[in-house]
Amino acid sequence: MIKTIKASLSEKILFIFLICLGIFALSSFFLLKNKCLFVDKIDLKKIDFKNPENIAVMNVECGNVVIELFPNISPNAVERFKILIEKGSYDGSAFYKVVENTLIQAGDLEFGNKEYLDYSKIGSGKSGLGLLQSELDDEFEFTEGSVGFARSTEFNSEDSEFFITLKEIPIYQGEYTPLGKVIYGLDILGKIKTGNKAIYVLRPDYINTFKMLNSN
Amino acid sequence: MRFFIIFILSFHTSYVNADEIYNLLKIPNLEVYKLKNDNKIRYLNAKSDFKIGVDDNISCNQASELNLENKFPIIEKHLNLYNSKFLNKIKLKYVVLCQNLFISEINTGGIPDTKKRTLILDIDFNEKYFERMIHHEIFHMIQNSHKNNFNEQVFSNFNSSNFSYAECSTCSDRLNLDLYKNTNGFLTEYSKSIPSEDMAEIFSFLMTDKNKINEIIQNDKILKDKVEFMISELKKIDQNIL
Numbered sequence: 284m285i286k287t288i289k290a291s292l293s294e295k296i297l298f299i300f301l302i303c304l305g306i307f308a309l310s311s312f313f314l315l316k317n318k319c320l321f322v323d324k325i326d327l328k329k330i331d332f333k334n335p336e337n338i339a340v341m342n343v344e345c346g347n348v349v350i351e352l353f354p355n356i357s358p359n360a361v362e363r364f365k366i367l368i369e370k371g372s373y374d375g376s377a378f379y380k381v382v383e384n385t386l387i388q389a390g391d392l393e394f395g396n397k398e399y400l401d402y403s404k405i406g407s408g409k410s411g412l413g414l415l416q417s418e419l420d421d422e423f424e425f426t427e428g429s430v431g432f433a434r435s436t437e438f439n440s441e442d443s444e445f446f447i448t449l450k451e452i453p454i455y456q457g458e459y460t461p462l463g464k465v466i467y468g469l470d471i472l473g474k475i476k477t478g479n480k481a482i483y484v485l486r487p488d489y490i491n492t493f494k495m496l497n498s499n
Numbered sequence: 376m377r378f379f380i381i382f383i384l385s386f387h388t389s390y391v392n393a394d395e396i397y398n399l400l401k402i403p404n405l406e407v408y409k410l411k412n413d414n415k416i417r418y419l420n421a422k423s424d425f426k427i428g429v430d431d432n433i434s435c436n437q438a439s440e441l442n443l444e445n446k447f448p449i450i451e452k453h454l455n456l457y458n459s460k461f462l463n464k465i466k467l468k469y470v471v472l473c474q475n476l477f478i479s480e481i482n483t484g485g486i487p488d489t490k491k492r493t494l495i496l497d498i499d500f501n502e503k504y505f506e507r508m509i510h511h512e513i514f515h516m517i518q519n520s521h522k523n524n525f526n527e528q529v530f531s532n533f534n535s536s537n538f539s540y541a542e543c544s545t546c547s548d549r550l551n552l553d554l555y556k557n558t559n560g561f562l563t564e565y566s567k568s569i570p571s572e573d574m575a576e577i578f579s580f581l582m583t584d585k586n587k588i589n590e591i592i593q594n595d596k597i598l599k600d601k602v603e604f605m606i607s608e609l610k611k612i613d614q615n616i617l
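Protein sequence lines correspond, in order, to chains F and P. For what it's worth, the numbering used here labels the leading residue of the first sequence as 284, then goes sequentially. For what it's worth, the numbering used here labels the leading residue of the second sequence as 376, then goes sequentially.
Where hints are given, some of them may not hold.
[As the list claims (entries may be wrong)] Only pairs whose alpha carbons sit at most 16 angstroms apart, straight line, appear in this in silico EDC-like list of lysine to aspartate or glutamate:
{"id": "1", "chain 1": "P", "residue 1": "Lys491", "chain 2": "F", "residue 2": "Glu458"}
{"id": "2", "chain 1": "P", "residue 1": "Lys464", "chain 2": "F", "residue 2": "Glu437"}
{"id": "3", "chain 1": "P", "residue 1": "Lys415", "chain 2": "F", "residue 2": "Glu422"}
{"id": "4", "chain 1": "P", "residue 1": "Lys466", "chain 2": "F", "residue 2": "Glu437"}
[Said to hold, decoys possible] Negatives, chain F to chain P, calculated, CB over 12 angstroms:
{"id": "5", "residue": "Lys324"}
{"id": "6", "residue": "Lys333"}
{"id": "7", "residue": "Ile482"}
[Unchecked claim] Beta-carbon label-pair distances, calculated as ranges:
{"id": "8", "chain 1": "F", "residue 1": "Pro453", "chain 2": "P", "residue 2": "Asn442", "range": "16 to 26 angstroms"}
{"id": "9", "chain 1": "F", "residue 1": "Pro453", "chain 2": "P", "residue 2": "Lys503", "range": "32 to 42 angstroms"}
{"id": "10", "chain 1": "F", "residue 1": "Leu419", "chain 2": "P", "residue 2": "Lys401", "range": "11 to 21 angstroms"}
{"id": "11", "chain 1": "P", "residue 1": "Asn455", "chain 2": "F", "residue 2": "Arg486", "range": "24 to 34 angstroms"}
{"id": "12", "chain 1": "P", "residue 1": "Asn463", "chain 2": "F", "residue 2": "Asn384", "range": "30 to 40 angstroms"}
{"id": "13", "chain 1": "P", "residue 1": "Lys522", "chain 2": "F", "residue 2": "Gly413", "range": "23 to 33 angstroms"}
{"id": "14", "chain 1": "F", "residue 1": "Asn334", "chain 2": "P", "residue 2": "Asp584", "range": "28 to 38 angstroms"}
{"id": "15", "chain 1": "F", "residue 1": "Ser435", "chain 2": "P", "residue 2": "Lys460", "range": "24 to 34 angstroms"}
{"id": "16", "chain 1": "F", "residue 1": "Asn497", "chain 2": "P", "residue 2": "Glu527", "range": "53 to 63 angstroms"}
{"id": "17", "chain 1": "P", "residue 1": "Leu456", "chain 2": "F", "residue 2": "Arg486", "range": "47 to 57 angstroms"}
For the record, the hints were derived by calculation from the structure and aren't laboratory data. Just so you know, even glycine gets a beta-carbon here, dropped at the ideal spot from N, CA and C.
Kindly generate the complete structure, drawing on both the sequences and the hints.
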């Protein structure tokens, strides 16, 4: 005959504790894995934009980032940027250069796309539209959320790559062509995968879509 | 193949910390020392040692706080002699301050780079020549950005026919920077190394002790011709620089 042994109170408590711990660990794993969990979502229909023709919407993993473009500061650069956005050229573009809490860069249309990522050439890709003259503005301050046209070490080499600053970078003033400013969704950009202090990001995050507001 | 590329890339990207200044100048481990200046020069200092260039042939050490405190006012005073318009013409915007600057294992006071609009200065350079060295390096930026003005063959022709410069500045043992008592066409021993160093030495004396040069050239025809050539070409770039 098998004798049943009743669990003591302390054993019951320990058992319940272990179950709770398991549930907590499992839920934490899924919650922490979801980097977009605490990011505010933006409803574009609820926002009344003053200059909708200069509003671009970049969709990334965690949501929409709304950028206001400044054609009055750099007309040629903004025109180029709009052309590439409207062509859908930035869709699938990799954020291949990310300096944590500092800046993110994307827009290599040739070697930095989801469909074709070439680490040996990334950063040197061309749009096919030719290089632009730099349109520098000594008064434009690169504060948190500023969007600028990237270039090589020399001026007048802007093409398609752009960067967004995640903090104020005074040294960029007068150095890069300003394109615009993020007006919504800056916290979303903070979730973009970084290179862990390295220059380039392995297995980077991508732009899902990049459109002008009017074309939505 | 993909694993191989990732493996190689991990080596390429792990040795240098990316930051906004590196992104701009491609020199690691720098921080802003002073940004707002009347002539728009931006001063940066090495917060830790760095190596750059082909095969890391240029190296410089972290600038000590004490050294920066002592040397920065001197550097600023001398660079303030140049206005922003002139600096823009010679492509100088960034001055990097560090210690023990070496290029290909040879100690040097400064390394100009007009492409990056940067001048790297060794703030630990011999104090006796420190102030003059700043202008000496500035001249190299002037020459690099105005090659037609400072034609080395034209300049060399001022020398007596039996004199010849060395093949390069570092392959000569003519390195002394002291002012000659008897100049005979050259201000220092280093002036005899190559034409561009000869011009840079003249320029540095013109910027730091013009009266002395005016006095010397009264009795030195070759040097007088050289100085007049330099002043004439510099005035084509900026009327007020000297």
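*For which of the previously enumerated hints does the structure constitute a violation, in increasing order of number?*
7, 11 and 14
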